[in-house]
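Peer 1: Sequence:
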Amino acid sequence: MKNLFNLLEKCYREDKDKIAILEENGKMSYGDFYEKSMIIAKALDKLKLDLKKPILVLIKDEGLDLCVFMAILALGGFYVPISSKTPKERLKKILEDTDFAGIISADAKENAYINIEEEIRDLKYDKNFKPQNSAIGSDPALGLFTSGSTGRPKLVLKSHESILSMCRFFNEDFNFNDNNIFGNQVSFEFDSSLKSIYLCLYNRASLGLIPTKYFSFPKKIIDLINEFNVDTLIWSTFALRLMENFKVFSYKKIEKVKMVMFSGEVIPEKTIRYWMENVKADYYNVYAPTEYSFNCLYHKIKADENLNKIPAGKEITGSRVLILDEENRPCKLGEEGDLYLEGPGLAMGYYGDMEKTRLSFIQNPLEKNFPQIIYKTGDRALMDENGDVYFKGRRDNQIKHQGYRIELGEIENSINSQKGVNICGVIFDKEKESLIAFYEGDIEAKELKKELKIKLPRHFFPKEIIRLEKLYLNANNKVDRNKLKEIYNEQLRKNNSNN
Numbered sequence: 059m060k061n062l063f064n065l066l067e068k069c070y071r072e073d074k075d076k077i078a079i080l081e082e083n084g085k086m087s088y089g090d091f092y093e094k095s096m097i098i099a100k101a102l103d104k105l106k107l108d109l110k111k112p113i114l115v116l117i118k119d120e121g122l123d124l125c126v127f128m129a130i131l132a133l134g135g136f137y138v139p140i141s142s143k144t145p146k147e148r149l150k151k152i153l154e155d156t157d158f159a160g161i162i163s164a165d166a167k168e169n170a171y172i173n174i175e176e177e178i179r180d181l182k183y184d185k186n187f188k189p190q191n192s193a194i195g196s197d198p199a200l201g202l203f204t205s206g207s208t209g210r211p212k213l214v215l216k217s218h219e220s221i222l223s224m225c226r227f228f229n230e231d232f233n234f235n236d237n238n239i240f241g242n243q244v245s246f247e248f249d250s251s252l253k254s255i256y257l258c259l260y261n262r263a264s265l266g267l268i269p270t271k272y273f274s275f276p277k278k279i280i281d282l283i284n285e286f287n288v289d290t291l292i293w294s295t296f297a298l299r300l301m302e303n304f305k306v307f308s309y310k311k312i313e314k315v316k317m318v319m320f321s322g323e324v325i326p327e328k329t330i331r332y333w334m335e336n337v338k339a340d341y342y343n344v345y346a347p348t349e350y351s352f353n354c355l356y357h358k359i360k361a362d363e364n365l366n367k368i369p370a371g372k373e374i375t376g377s378r379v380l381i382l383d384e385e386n387r388p389c390k391l392g393e394e395g396d397l398y399l400e401g402p403g404l405a406m407g408y409y410g411d412m413e414k415t416r417l418s419f420i421q422n423p424l425e426k427n428f429p430q431i432i433y434k435t436g437d438r439a440l441m442d443e444n445g446d447v448y449f450k451g452r453r454d455n456q457i458k459h460q461g462y463r464i465e466l467g468e469i470e471n472s473i474n475s476q477k478g479v480n481i482c483g484v485i486f487d488k489e490k491e492s493l494i495a496f497y498e499g500d501i502e503a504k505e506l507k508k509e510l511k512i513k514l515p516r517h518f519f520p521k522e523i524i525r526l527e528k529l530y531l532n533a534n535n536k537v538d539r540n541k542l543k544e545i546y547n548e549q550l551r552k553n554n555s556n557n
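557 is the number that the working numbering gives the last residue of the sequence shown; the numbers go up by one with no jumps.
If you're looking for bench data, these hints aren't it; they were derived computationally from the structure.
Below, a list of computed lysine to any residue pairs in the SDA-like style, where the Cα atoms sit at most 25 Å apart:
no., residue 1, residue 2
1, 367, 296
2, 490, 521
3, 68, 109
4, 310, 274
5, 541, 518
6, 150, 109
With beta-carbon atoms standing in for the labels, derived distance ranges:
no., residue 1, residue 2, range
7, 192, 75, 28 to 34 Å
8, 445, 366, 17 to 23 Å
9, 89, 445, 44 to 50 Å
10, 416, 366, 35 to 41 Å
11, 285, 188, 36 to 42 Å
12, 460, 536, 22 to 28 Å
13, 460, 236, 52 to 58 Å
14, 108, 233, 39 to 45 Å
Just so it is clear, the structure is predicted and the values come from calculations on it, not from any experiment.
By construction, the Cβ of each residue, glycine as well, lies at the ideal position given by its N, Cα and C atoms.
Working from the sequences, and respecting the hints, build out all of it.
Peer 2: Written out as structure tokens, the structure reads:
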């Protein structure tokens, strides 16, 4: 395989009648998928876009979006998916920072955007149209935006080869095949969706698209999973938590799911226990940042293990992790250090930012004789005597409080495990030397404080516990600590003005 579009070409040649995409309002065979993609490719080809620049696609997480992705790949270009519901301020930053070849939308209202529905309205599939696709494995296939520490999103570039390699290695470790039906709930703008999309294409399997809007009405999600006969869920931890919060399995059971793979954040014990009690499947905790395609670590969860301390696990075939101390020496077993990644899944770097790429994708300090690039994750981890890696939080989320080094995520994990808490976030007021916890849920703050006194050591205990109607999440569906700091500072200002 030279590039990712070759996957769709192969599926089309081998079985064009096989169902590729299942949606709430219909389905698409591999024949339909390929031909619609080629119609779009022909329309885009006429526009003479600069294929050396990224093409932004404003997505609705529908089958048409996947056809647009494939059309861009067919031409030898690379795509960047962004939700059509992206807040204007974030989209403005993205457009200011990145020089796109074009902006594609299914229902474009801006004159500068390419309205793909209009472009293909009068076009039919032309079997004689053969675009000059010169893309090879080392070329960029797609870019994904991830949050930057400066508040400006970073565009992570992934090559064709990084995704093709990880498809091959995932097949070795998880035995996917053409009978699988993946149920995707992750927006296409997030890294986790790539596994469902490209493992489906790699294996000529089927992909069921579950609209994210139904996470407010999760009974409908169960109905769609069963209607599509989904057997594999590759979801975010956040989605599993939502389903557990709504206690959806009291409505109906999931019938055919045999594998549940999740990532994104530490899963609370109550969530994984609820799923394992109600859905008899193989459960895998997997790990990797956006800068690594698919995942580099995995752990198969056993019912009798400590569900409050699930490891990130062992290396996926083809991937390697390094845990180094402050002097760039390998940590001993059980010793916490900085986590680095190596392998074919590594991203190419950050589009348009060679300096940031140079600082994050570095020469392996253990190798002095030849070039070997590793990625500096910013995560802290340790490896135990069994070779399992345990995630210990983010370097930038560590604080010093009462003489102790504390990871905010560890406090959040303890609070999230409490009954009546849906989700929580913790911030640190350095000036006042205070921990402040915010949460969303049914339990009263007074009662939660009482429960936490039994669980948390004194130096972990929040000075304030504040209940919110809704906790703010960032673009990656993680608690937005910056927003919590704004809320807290506003509350301080009000208190000071009243005194």
